[in-house]
Amino acid sequence: MTNISIENIGIAAEQLHHPIPGNWKRYFSFSTDHKVIGIQYLVTSFIFFLVGGILAMVMRGELMTPESDLVDRTIYNGMFTMHGTIMLFLWTFPSLVGLANYLVPLMIGARDMAFPRLNAAAFWMVPVVGILLMASFFIPGGPAQAGWWSYPPVSLQNPTGNLINGQVIWLLAVAISGVSSIMGAVNFVTTIVKMRAPGMTFFRMPLFVWAVFSAQIIQLFGLPALTAGAVMLLLDLTANTGFFNPANGGNPIMFQHYFWFYSHPAVYVIILPVFGIFSEIFPVYARKPLFGYKVVAVSSLLIAAVSAIVWVHHMYASSTPAWMRMVFMLTTMLVSVPTGIKVFAWVATIWGGKLRLNTPMLFALGGLVFFVFAGIVGIMLSSVPVDIHVNNTYFVVGHFHYVLYGTVTMGMFAAIYHWFPKMTGRMYYEGLGKLHFALAFIGTNLNFFPMHPLGLQGMLRRVASYAPDAGYEFWNIVASIGAFLLGVSTLPFILNMIGAWTIGEKAPNNPWQAIGLEWEVSSPPPIENFEEIPVVKSEPYGYGKLETLTAKTHQ
Amino acid sequence: MKIQKLLQILTLITSAIALVTTSIWMGKQAYSWLPPEAAAESRLVDDLFSFLVTLGAFIFLGVSGALMYSVIFHRAKKGEVCDGPPIEGNVTLEVIWTAIPILLVFWIANYSYQIYEQMGIQGPGELMHLHVPVGIKVASAATIKDNNNKGDTQKLTASQHLFPIASNSEYVEQIDVVAKQWAWVFRYPQQQLFTGETSTQKNITSTELHLPCDRRVRLTLRSEDVLHGFYIPAFRVKQDIVPNEIINIEFTPIRPGRYRLTDSQYSGTYFATMQADVVVESPEDYQQWLATAATYRPSPAFNQAASEYAAKVNQSLPTGWATVAPAEPPVVNYPGDKETRQ
Chain A
1 MTNISIENIG
11 IAAEQLHHPI
21 PGNWKRYFSF
31 STDHKVIGIQ
41 YLVTSFIFFL
51 VGGILAMVMR
61 GELMTPESDL
71 VDRTIYNGMF
81 TMHGTIMLFL
91 WTFPSLVGLA
101 NYLVPLMIGA
111 RDMAFPRLNA
121 AAFWMVPVVG
131 ILLMASFFIP
141 GGPAQAGWWS
151 YPPVSLQNPT
161 GNLINGQVIW
171 LLAVAISGVS
181 SIMGAVNFVT
191 TIVKMRAPGM
201 TFFRMPLFVW
211 AVFSAQIIQL
221 FGLPALTAGA
231 VMLLLDLTAN
241 TGFFNPANGG
251 NPIMFQHYFW
261 FYSHPAVYVI
271 ILPVFGIFSE
281 IFPVYARKPL
291 FGYKVVAVSS
301 LLIAAVSAIV
311 WVHHMYASST
321 PAWMRMVFML
331 TTMLVSVPTG
341 IKVFAWVATI
351 WGGKLRLNTP
361 MLFALGGLVF
371 FVFAGIVGIM
381 LSSVPVDIHV
391 NNTYFVVGHF
401 HYVLYGTVTM
411 GMFAAIYHWF
421 PKMTGRMYYE
431 GLGKLHFALA
441 FIGTNLNFFP
451 MHPLGLQGML
461 RRVASYAPDA
471 GYEFWNIVAS
481 IGAFLLGVST
491 LPFILNMIGA
501 WTIGEKAPNN
511 PWQAIGLEWE
521 VSSPPPIENF
531 EEIPVVKSEP
541 YGYGKLETLT
551 AKTHQ
Chain B
1 MKIQKLLQIL
11 TLITSAIALV
21 TTSIWMGKQA
31 YSWLPPEAAA
41 ESRLVDDLFS
51 FLVTLGAFIF
61 LGVSGALMYS
71 VIFHRAKKGE
81 VCDGPPIEGN
91 VTLEVIWTAI
101 PILLVFWIAN
111 YSYQIYEQMG
121 IQGPGELMHL
131 HVPVGIKVAS
141 AATIKDNNNK
151 GDTQKLTASQ
161 HLFPIASNSE
171 YVEQIDVVAK
181 QWAWVFRYPQ
191 QQLFTGETST
201 QKNITSTELH
211 LPCDRRVRLT
221 LRSEDVLHGF
231 YIPAFRVKQD
241 IVPNEIINIE
251 FTPIRPGRYR
261 LTDSQYSGTY
271 FATMQADVVV
281 ESPEDYQQWL
291 ATAATYRPSP
301 AFNQAASEYA
311 AKVNQSLPTG
321 WATVAPAEPP
331 VVNYPGDKET
341 RQ
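Taken in sequence, the protein lines are chains A and B. Note that the first sequence covers residues 1 to 555 in the working numbering. Note that the second sequence covers residues 1 to 342 in the working numbering.
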């Protein structure tokens with residue numbers, strides 16, 4: 001194990017943009033250290049996660065009664081639009097990019113990302129996006145109210161008549177977020193291809209790195225379509241062009257294709273790193289090698305490839321001809337094959353292990369169960385006749401919240417707890433962590449399970465009110481209670497993080513006896529990560545085997 | 001040792017039986033999670049859904065059962081630091097769990113395809129643009145229909161056993177549907193009217209959709225402004241409505257009663273209010289209703305969006321952001337039974 005002496009830190013600190021670790025001010029600076037940027041992403045996105053959550057709770061408050069009686073309909077519409085936008089573009093994307101930023105260079109034995117300044121520039125666009133979206137609440141006419149899809153012609157309707165309305169700001173924010181993501185994607189792909197330590201072949205990379213690699217490739221081919229669609233919509237809105245506007249001879253359905261061509265693969269940009277987290281965490285706490293490592297690694301790339309040809313399943317009920325519905329039904333269902341491989345591999349990894357149920361493992365197990373449920377519901381949705389019935393209902397909302405909260409956010413919490421000692425050099429409080437898990441697990445089920453029966457009964461998403469005689473009230477009240485519980489569940493987390501980071505017990509270098517390059521450096525890692533670049537000589541996850549990961553002897 | 005192995009096999013068989021029984025029971029329950037089956041298409045969709053629930057329950061309970069078993073029985077003892085067995089994979093197992101999902105996918109996809117064909121809801125398959133001349137429009141629509149029917153004769157007979165009026169049969173009733181922010185208007189074309197000694201043709205309009213039972217109906221969907229969605233949960237049919245496009249949708253109501261039509265594609269501020277009642281009645285009652293409605297003078301219907309907007313405009317203290325003004329309440333022959341629509 002390397003010990004970083006005070007002199008080393010002193011020398012490193014003289015380099016530009018690399019202030020001394022432990023100095024909190026560096027988190028507010030234009031740092032080019034991937035670890036600082038990673039934490040900047042995580043903290044920034046978590047703040048927006050809270051904002052999006054508050055919007056969700058107001059919406060759940062509105063839906064507790066059939067009538068539209070809590071907020072005005074325009075405000076409700078602005079809220080669900082911003083809830084979706086914030087949760088995707090300011091929570092799931094940046095938080096996962098943050099985690100990847102922190103972990104990828106450490107996991108592949110690199111001293112930093114390939115383009116540190118580009119990395120910092122990409123991060124600093126995120127607060128800009130956030131400020132733009134927050135500011136749009138305070139302009140005349142309020143924020144965008146066309147849903148996070150921004151389908152024209154509704155998104156082109158501008159009752160204020162102002163040139164700059166909420167929708168224009170929304171489009172600018174999404175475009176900036178897209179530029180930031182493309183910059184990040186270029187950086188990740190280059191880093192993973194070019195900066196691996198000696199001996200770190202592709203089939204010795206941890207699965208989190210494989211997942212990030214696959215996800216970032218999706219960003220590279222998908223985002224240009226969304227950006228193009230957003231620019232054309234912006235022109236329709238501000239310059240009265242007719243790309244999508246039917247009043248000017250445009251085709252509104254084309255926007256849906258541009259939008260989903262990216263936004264469906266985007267789901268895999270989000271879920272793949274979470275699969276990577278599962279693949280990292282299960283072996284550590286089951287004390288077994290990951291079952292079928294190579295197949296799981298390749299399945300990430302397969303998912304990325306298939307993700308490019310499924311987008312029309314969001315448009316079954318749109319102006320989509322029957323043959324197209326059928327073709328995309330088959331491609332969509334095929335996603336379940338590489339995904340199933342992963343799920344079975346995780347179950348086989350856990351089976352017969354020596355399980356330690358601490359907070360990261362609990363969150364990962366909970367996330368896996370939620371994902372299996374969401375995946376099965378997803379297959380139902382891919383079937384055209386079933387989807388024709390439940391398309392745009394709460395059944396879909398329930399499905400993707402099981403994915404985005406149940407799997408992605410739970411997986412994210414698992415990752416934060418798991419790598420918290422590495423990132424901060426402190427141990428979190430296990431009791432608070434378990435309390436957080438219990439509240440989040442119950443809250444997720446209470447909040448999102450009722451959406452399935454509601455959707456099957458025909459309750460539509462995005463409604464601010466529903467018919468009093470429709471029988472939707474009971475499940476809506478349950479869901480709202482769940483939403484408030486989820487709000488409460490973040491309190492022990494925040495307490496835990498702040499408390500542990502400031503006065504927590506000092507963490508050892510490898511508190512979980514985990515195998516991986518990041519666990520061979522100090523907690524927190526030194527500025528340049530590795531005093532000496534390690535030489536990797538075996539596959540990851542060598543639990544129960546008598547081999548070492550690197551040429552140097554460790555522990 | 002032998003007894004232990006036998007016990008293990010017995011446990012496995014017992015849990016497999018429990019798993020299968022529970023899944024089949026779940027599949028049967030699935031019907032009760034759905035609205036009443038008011039159209040021939042509903043039954044088809046519900047059968048497919050029930051099948052997917054059975055399959056899904058089996059997989060979910062199997063996977064989470066295995067996880068729960070591990071969590072309970074494969075825990076490390078307190079303070080135990082040793083590793084589990086270093087099993088890195090098993091080719092046979094991996095081939096099996098790749099092959100089975102592939103087969104399942106083709107099975108589900110094929111079954112879904114069959115159901116979709118039997119429903120024969122038409123939809124944008126025979127999408128027609130407004131600028132296409134009428135003659136061509138009819139011709140192309142006819143060829144598509146013919147091809148469909150020839151290919152499906154065998155499948156059709158299966159569904160005909162189930163339903164008095166098979167899906168996919170020739171439609172008998174055509175009704176125009178116009179969606180606008182935020183109202184539905186229905187037009188029943190070409191009703192022969194006998195007023196005194198002269199017979200005239202007159203379009204009857206309503207804001208409540210009346211449909212004859214056991215008759216195939218074709219709805220012609222049109223939007224005057226933005227995207228809308230035609231959705232009757234009890235019929236399991238849904239179709240987005242696109243401005244500048246005419247999209248047809250077909251189905252067969254089979255259960256008299258009052259149902260609800262909703263706008264399934266977000267259409268702006270008063271989106272949630274865009275509902276209409278759907279009345280399915282016997283063909284005789286339907287004809288009777290048409291005849292009565294024809295005698296009514298057109299009058300403005302109640303419109304939730306318009307009345308909410310009027311109240312909002314008159315507010316002294318504004319509580320929301322600017323909104324697109326709703327269209328004037330539609331003027332129709334039959335504005336519906338106001339009491340049931342609040």
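If you are wondering where the hints come from, they were derived from the structure by calculation, not from laboratory data. Hints may be right or wrong, so weigh each one.
Said to hold, decoys possible - Reference listing, derived: stretches of chain B covered by chain A, where coverage requires no fewer than 3 residues with Cβ under 8 Å from a Cβ of chain A:
| id | segment |
| --- | --- |
| 1 | 109-115 |
| 2 | 173-179 |
| 3 | 209-215 |
| 4 | 291-298 |
| 5 | 313-323 |
Unchecked claim - With the C-beta cut set under 10 Å, the calculated list includes, among others, these residues of chain A facing chain B:
| id | residue |
| --- | --- |
| 6 | Gln145 |
| 7 | Leu163 |
| 8 | Ser319 |
| 9 | Leu334 |
| 10 | Leu355 |
| 11 | Val372 |
| 12 | Phe474 |
Yeah, the Cβ is synthetic: ideal placement off N, Cα and C, and Gly gets one too.
Right, here's what the structure says about each hint:
1. Residue count for the segment 109-115 of chain B with a Cβ under 8 Å from a Cβ of chain A: 4. That meets the three needed, and the coverage hint holds.
2. Counting residues of the segment 173-179 of chain B whose CB lies closer than 8 Å to any CB of chain A gives 0, so the stated coverage by that chain is violated, three being the minimum.
3. Three residues within the 8 Å Cβ limit are the bar, and the segment 209-215 of chain B against chain A gives 0, so the coverage statement is violated.
4. Coverage of the segment 291-298 of chain B by chain A is violated. Counting CB-CB distances below 8 Å, 0 residues qualify, and the rule asks for three or more.
5. Requiring three or more residues with a Cβ within less than 8 Å of a Cβ of chain A, the coverage given for the segment 313-323 of chain B holds, as 5 such residues are present.
6. With a least beta-carbon distance of about 7 Å to chain B, the hint placing Gln145 of chain A at the interface is held under the 10 Å criterion.
7. Hint on Leu163 of chain A is violated. Least Cβ distance to chain B is approximately 14 Å, over the 10 Å limit.
8. Hint status for Ser319 of chain A relative to chain B: holds, with the closest Cβ pair at about 5 Å, below 10 Å.
9. Annotation: Leu334 of chain A was flagged as interfacial toward chain B, and the flag holds, the nearest CB pair being 6 Å apart, inside 10 Å.
10. Taken as an interface hint, Leu355 of chain A checks out: its beta carbon lies about 5 Å from the nearest beta carbon of chain B, inside 10 Å.
11. Interface hint at Val372 of chain A: satisfied, since its Cβ lies 5 Å from the closest Cβ of chain B, which is below the 10 Å cut-off.
12. Contact between Phe474 of chain A and chain B, as hinted, is not supported at the beta carbon level, the nearest pair being about 14 Å apart and thus beyond 10 Å.
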